[in-house]
Amino acid sequence: MNSGDLVLHDSELSRLKSILGKTQRAVTAELVLLIERSGQMLCSEGPAEVDLTALASLAAANIAATDGLARIVGEGEFSVVSHQGKNRNILITAVTSRFCLVVVYGGATAAGVVRLRVKHAAAYMEQILRHLARGLRNGSEDAGERTLDFTDDEIDRLLESRSSDSDGGKGVPS
Amino acid sequence: MTFINYVAREINCKIVYYGPGLGGKTTNLQYVYDITNADNKGKMISLATETERTLFFDFLPLDLGEIRGFKTRFHLYTVPGQVFYDASRKLILKGVDGVVFVADSQAERVDANIESLQNLKDNLKEQGFDLAKIPYALQLNKRDLPEVMSVPELTKLLQVKGEPTFEAVAPRGVGVLDTLKAVARQVLVELRRSA
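Sequences listed follow chains A and B, in order.
Just so it is clear: in the first sequence, position 164 is 164 by my numbering, and no numbers are missing.
Just so it is clear: in the second sequence, position 149 is 323 by my numbering, and no numbers are missing.
A hint or two may mislead.
As the list claims (entries may be wrong) - Derived list of chain B stretches under chain A, where covered just means 3 residues or more per stretch with a C-beta under 8 Å from a C-beta of chain A:
#1 213–219
#2 333–340
Claimed, not checked - Here are the simulated BS3-like pairs of lysine-lysine, each with C-alpha atoms no more than 27 Å apart in a straight line:
#3 A:Lys17 / B:Lys245
#4 A:Lys17 / B:Lys215
#5 A:Lys170 / B:Lys215
Stated by the list, open to error - Pair by pair, the computed Cβ-Cβ distance ranges are:
#6 A:Glu154 / B:Glu321: 42 to 50 Å
#7 A:Gly76 / B:Pro345: 20 to 28 Å
#8 A:Glu160 / B:Glu300: 31 to 39 Å
#9 B:Glu321 / A:Gly74: 41 to 49 Å
#10 A:Gly21 / B:Lys245: 20 to 28 Å
#11 B:Pro345 / A:Ala65: 25 to 33 Å
#12 B:Val325 / A:Tyr124: 54 to 62 Å
#13 B:Asp304 / A:Lys119: 32 to 40 Å
#14 A:Gly76 / B:Gln333: 35 to 43 Å
Worth flagging that the hints you see were computed from the coordinates, not collected in a lab.
What you are looking at is a predicted structure, and each value in this text was computed from that prediction instead of being measured.
From the three backbone atoms N, C-alpha and C, an ideal C-beta is built for every residue, glycine too.
Build the full structure now, drawing on both the sequences and the hints.
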């Protein structure tokens, strides 16, 4: 894999989801997500009807913009971003330099309690996520990754299955 | 950063549409959104100004289908093209897997194209990427307008590595899918190569 790629297997996912679930119950959160800073969601606990893909993308953008602000004012980072609303609040916390935890919770839960629980969860997750990164660097990926050895025909079929082969754009010789 | 989830059998990739302001990046995404059926797309998010200029980014999650039992999900982003939003552009390139450069074919926009392309190279470098190595496609948009530069002139100015290049009229969808497929293909080939 490329060094920046992220591969998630069942064992890590179960452990991460378990931590998310405990955090969700401890703070009676509506939703807890683990996201990567590029905007990808790794896993979540909470109702499926929420648009998690969009939420992950916007949360990542939010923390990226906050990092930008921190640098401009001479701060290394603002590791926590908090939004307070009338009925719902959002807390975004950096877990490692690459991952963030997003918690959506109601007004009945004290913000301090959420921060404390999230801090504990982040500490547990950090170990798993660092282990995951080490495993990748050491080349200890699952043999299943050979399944990514797509043929050209398979790629062609995938791209052509979605719609017509061409939309009339003229290709330009390289 | 490609994210491969073996549990959900999903491959998630990030493609960024780059280019000068008013070049048609958002229109590319809007067209893809409009023609894709509801099962294969998520909500399109546009963080724009009151005058519909992109302020931070547009975002469209798109399912291209399955390959070897893996769902392929492409997250399409645009950057704000206006020069003074450079800080935002850098953030959006974080973890990118492939880039589409949407050039404005009008002669009066030639300097804006060149400046934006140089900005792309610089910002990719800052994020640890090299334009010479990353999956990349060039789109020559607005081919229906008067006063456009010829295709050979534009390619001579803007092609950087013999990348797939397409003429396009984004509001009508001409060239939009071909461009997207060209960069998606390279992303999958890169994933295969690095597996």
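Enumerate the violated hints, using their earlier numbering and listing them in ascending order.
-> Per hint list: single violation, 7.
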